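**Student:** Produce the complete structure using the sequences and hints provided.
Every number in our numbering is 19 more than the matching position in the sequence shown, counting from 1.
Just so you know, these hints were derived from the structure itself, not from any lab. Predicted, not measured: the structure shown is a model, and the values here were computed from it. Just so you know, not all the hints are guaranteed correct.
[Stated by the list, open to error] DSBU-like, lysine-lysine: derived pairs with alpha carbons at most 35 Å apart:
no., residue 1, residue 2
1, 155, 168
2, 210, 155
3, 168, 210
4, 168, 104
5, 104, 155
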Amino acid sequence: MKRTSVVVFLVVAVVVGAAVALVMEGRGGGEAGLDEERGDVSVEAGPQAPPGSELADLRSADVRADGSAIVFEAGSARDVPRGLKQGTMSWRWEIRDGDTVLWILSASLDVGPNATLFNPATDFGVNTIDGSFPGKVRRDGQSLIVRLKPREVEGFPREFEWVLTTTVDGSQGDPQSTVASDRAPDEGLAKFSED
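**Tutor:** And the structure:
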């Protein structure tokens, strides 16, 4: 009887240890692969969520190194369409050092999926619309993925903190329009390192 208890205890300990190792591995690359709570979209300036607001509902957020590129990925509660019939959808990664915003990587569905990288300190910007963006943006099911080649951007950091905000505006240009948004991580900042 005691031998069976010891064996059961060891099996449970191995399973728990393996689960902890998998969770920690998923956080490699600087807190990669944040899972987000479903349905935590906030609605501003209106009585109800705008059409397409479930697109703003983040299910996951990830910033990870892939070879010489950095991949920014946002997973939504529904498939990412090529565009919206009404309103606008945008993703905004603030790349920070504490309270200082170093770069802003934004993507939208205004002109198909497109991306812009902007440095607020220098007013330097590149985008996919004019072909100056060093990378690509694409849709993949419920994900929007931006692949950036940071070595082609002077001064882009190899380590940084980040926060992602999504926004759906029910009727762009209408000051009475309802806006839905979500954020990842829900509080604080996530970290990225090329190592």
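**Student:** Are the hints correct? Go through all of them and say.
**Tutor:** Hints and how they fare:
Taking the CA atoms of residue 155 and residue 168, the gap is near 9 Å; set against the 35 Å cutoff, the hint holds. Between residue 210 and residue 155 the CA atoms are separated by roughly 22 Å; this keeps the pair inside 35 Å, and the hint holds. Proximity of residue 168 to residue 210 is assessed by CA-CA distance (about 18 Å); at most 35 Å being required, the pair is judged to hold. A C-alpha spacing of about 32 Å is found between residue 168 and residue 104, which places the hinted pair at or below 35 Å, so the restraint holds.
Only pairs whose Cα atoms come within 35 Å are accepted, and residue 104 paired with residue 155 is accepted, the gap being roughly 24 Å.
Violated hints are absent here; each numbered hint is respected by the structure.
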